[in-house]
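Work the whole structure out from these sequences, hints included.
Which chain is which? The protein sequence lines are A, B, C and D, in order. Note that my numbering has the first sequence beginning at 2, numbered continuously upward. Note that my numbering has the second sequence beginning at 2, numbered continuously upward. Note that my numbering has the third sequence beginning at 2, numbered continuously upward. Note that my numbering has the fourth sequence beginning at 2, numbered continuously upward.
The set of hints was computed from the structure by calculation and includes no laboratory data. Just so it is clear, CB atoms sit at the ideal spot from N, CA and C, and this is done for glycine as well. Do not rely on the hints blindly, as some may be mistaken.
[What the hints assert, rightly or not] Examples of chain B residues toward chain A, derived with CB under 10 Å:
1. 18
2. 19
3. 20
4. 22
5. 23
6. 27
7. 38
8. 48
9. 73
10. 111
11. 137
[Unchecked claim] Estimated spans, in silico, between C-beta atoms of each pair:
12. C:72 / A:118: 44 to 54 Å
13. B:15 / A:136: 14 to 24 Å
14. B:101 / D:15: 23 to 33 Å
15. D:88 / A:136: 40 to 50 Å
16. A:62 / B:15: 20 to 30 Å
17. A:52 / D:69: 19 to 29 Å
18. C:72 / A:62: 26 to 36 Å
19. A:4 / D:3: 37 to 47 Å
20. A:100 / B:2: 24 to 34 Å
21. C:117 / D:117: 16 to 26 Å
22. C:76 / A:99: 16 to 26 Å
23. C:82 / B:84: 30 to 40 Å
Listed here are the chains, written in short residue letters.
4 protein chains.
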Amino acid sequence: MKKIETNYKTTVEFYDLDPMNVVWHGNYIKYLEAARCDMLEKLGYTYDDMRIEKSAYPVAKMEMKFIKSAVFKQKLNVKTTLEELEPAMVIKYVITDDETGKKLFQAKSMQIRVDIETGETVYKASKTFLKKVEDFKE
Amino acid sequence: MKKIETNYKTTVEFYDLDPMNVVWHGNYIKYLEAARCDMLEKLGYTYDDMRIEKSAYPVAKMEMKFIKSAVFKQKLNVKTTLEELEPAMVIKYVITDDETGKKLFQAKSMQIRVDIETGETVYKASKTFLKKVEDFKE
Amino acid sequence: MKKIETNYKTTVEFYDLDPMNVVWHGNYIKYLEAARCDMLEKLGYTYDDMRIEKSAYPVAKMEMKFIKSAVFKQKLNVKTTLEELEPAMVIKYVITDDETGKKLFQAKSMQIRVDIETGETVYKASKTFLKKVEDFKE
Amino acid sequence: MKKIETNYKTTVEFYDLDPMNVVWHGNYIKYLEAARCDMLEKLGYTYDDMRIEKSAYPVAKMEMKFIKSAVFKQKLNVKTTLEELEPAMVIKYVITDDETGKKLFQAKSMQIRVDIETGETVYKASKTFLKKVEDFKE
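Put into structure tokens, the structure is as follows:
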């Protein structure tokens, strides 16, 4: 499968900070989700398309490495790479300071396709999804 | 209508704190929701019962007054008073330090009954809900 | 005092949704905070400037009216109006659908200036803050 | 080092749910943090003690496995095991349904001791912390 790479920009808001004046570690998952949705939108295969195909992609695994804490108003880039779609969707994420390029965080998620009617795992991606990946141009 | 008063206990967790080392102001809404759900559970009229009656009670208005900031590990009591059910559900909340009784926060919410099939506002509470309120013993 | 009006754009993310598939009511407070910080940035008087002047502006009151629920990926505009700075900072917010202009939500917050060294309330705004407001051009 | 095991009970609240009517995957991190703070409290070595020793323990790595989604009002048990303190604090977590014992989620976190004055990593735990672990009785 062709790898897809997209970049999502965000800015640290006050409500994401903790008493150490840095982003609370659990809030990085929000940046990852926003970046993933952004990638799916750019691919043209969104949550709505999944629903039409009676699929959902719940997160099954997540690994995160916290390198340097992000701070208030810092501009972040989340580089998001779709690595695999079968047997499961594997995505890698690297968050950097958008100005200096300094690496702050990295993660990897695995999401499993589930048939929302039967609840069963599906080890294949849909033809539509695979075609969108093949046709993707940055 | 008989007024109902219940008390919900909670403890401030680290993830609710902001850089000033106090509960971030937006997080009080979570305490209010948990206290409201607790009151409905004690009444015996939960979200499931609402759904069976094809009702939902979205929040229409909320007023909050922040008196003194809650801090890490502080034990809180949320006194929750159901004031009205018709034409809308009105609830008052007072958050105090559970040990000293000192008042930290107060709020008032108004929730409107909506028919989940037609989307229309319903200005009456269901007979079941009203009966549960009448039968309530603390 | 001259009134200041700014507009802040945001998009509804998946993590802000609740089981009704709309923005959970407590999450609007995050949009308000982001809009407020954006206004202060445009004014040139940020949290850092407050800290230099030994001031903080904790939220003392908040009133919210929920008119129509925002949905996934909806583009929102938060029109933010600084109404008063003395004796307290009063801000009004109107959230509309950024495309149709339809009103979804409105709120009003009151924040009180506090001297971070003594903890005392200050009923005057700093000269710097007042000047920034006077000099503001949209 | 002696392993420490504690159990923390919590209940799923409405505000933790997502549009699939299950706990949003990012919210499990809150349960882990609450369980960790609960373990430190039972050990008698809290965030305050860390601060006195000029230490902080930021999360450096986190691995999570989502097995079965938790639902509204489900009672959860978070079994928390302190595996290592040197060279870094390693904790394992297993979340089960508190009634059936069914496993829903597991995770592992690594936190690194940092000297809050110099910002440098410290590969040893403090004598106080190690003694608290040795003296711990469930």
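Against the structure, the hints:
Annotation: interface hint on residue 18 of chain B holds; nearest CB of chain A at approximately 5 Å, less than 10 Å. Of the supplied interface hints, the one on residue 19 of chain B holds, with its beta-carbon coming within about 6 Å of a beta-carbon of chain A, less than 10 Å. Against a cut-off of 10 Å between C-beta atoms, the interface hint on residue 20 of chain B holds, since the closest Cβ of chain A lies about 5 Å away. With a least beta-carbon distance of about 5 Å to chain A, the hint placing residue 22 of chain B at the interface is held under the 10 Å criterion.
Annotation: interface hint on residue 23 of chain B holds; nearest CB of chain A at approximately 9 Å, less than 10 Å. Look at residue 27 of chain B: its Cβ gets to within about 6 Å of chain A, closer than 10 Å, so that hint holds up. For the restraint placing residue 38 of chain B at the interface with chain A, the shortest Cβ-Cβ distance is roughly 22 Å, beyond the 10 Å limit, so the hint is violated. Because the closest C-beta pair between residue 48 of chain B and chain A is about 22 Å apart, greater than 10 Å, the hint is violated.
Interface restraint check: residue 73 of chain B against chain A, minimum CB-CB distance 8 Å, threshold 10 Å, status holds. At its closest, the beta carbon of residue 111 of chain B sits 25 Å from a beta carbon of chain A; the interface hint therefore is violated under the 10 Å criterion. For residue 137 of chain B, the shortest C-beta to C-beta distance to chain A is roughly 37 Å, which exceeds 10 Å, and the interface hint is violated. Evaluation of the 44 to 54 Å hint for residue 72 of chain C and residue 118 of chain A yields a failure: the beta carbon distance comes to about 24 Å.
At roughly 46 Å, the beta carbons of residue 15 of chain B and residue 136 of chain A sit outside the given window of 14 to 24 Å. The hinted window of 23 to 33 Å between residue 101 of chain B and residue 15 of chain D holds, with their beta carbons roughly 29 Å apart. For residue 88 of chain D paired with residue 136 of chain A, a C-beta distance near 48 Å keeps the hint of 40 to 50 Å intact. Range check, residue 62 of chain A to residue 15 of chain B: about 25 Å between beta-carbon atoms, so the 20 to 30 Å window is met.
Between residue 52 of chain A and residue 69 of chain D the beta carbon distance is about 21 Å. The supplied range of 19 to 29 Å therefore holds. The hinted window of 26 to 36 Å between residue 72 of chain C and residue 62 of chain A holds, with their beta carbons roughly 29 Å apart. For residue 4 of chain A paired with residue 3 of chain D, a C-beta distance near 46 Å keeps the hint of 37 to 47 Å intact. The beta-carbon spacing between residue 100 of chain A and residue 2 of chain B, approximately 59 Å, falls outside the hinted interval of 24 to 34 Å.
Between residue 117 of chain C and residue 117 of chain D the C-beta distance comes to about 21 Å, which sits within the given range of 16 to 26 Å. Range check, residue 76 of chain C to residue 99 of chain A: about 22 Å between beta-carbon atoms, so the 16 to 26 Å window is met. Remark: the range hint 30 to 40 Å for residue 82 of chain C to residue 84 of chain B is upheld by a beta-carbon distance near 31 Å.
When each numbered hint is compared with the structure, violations occur for hints 7, 8, 10, 11, 12, 13 and 20.
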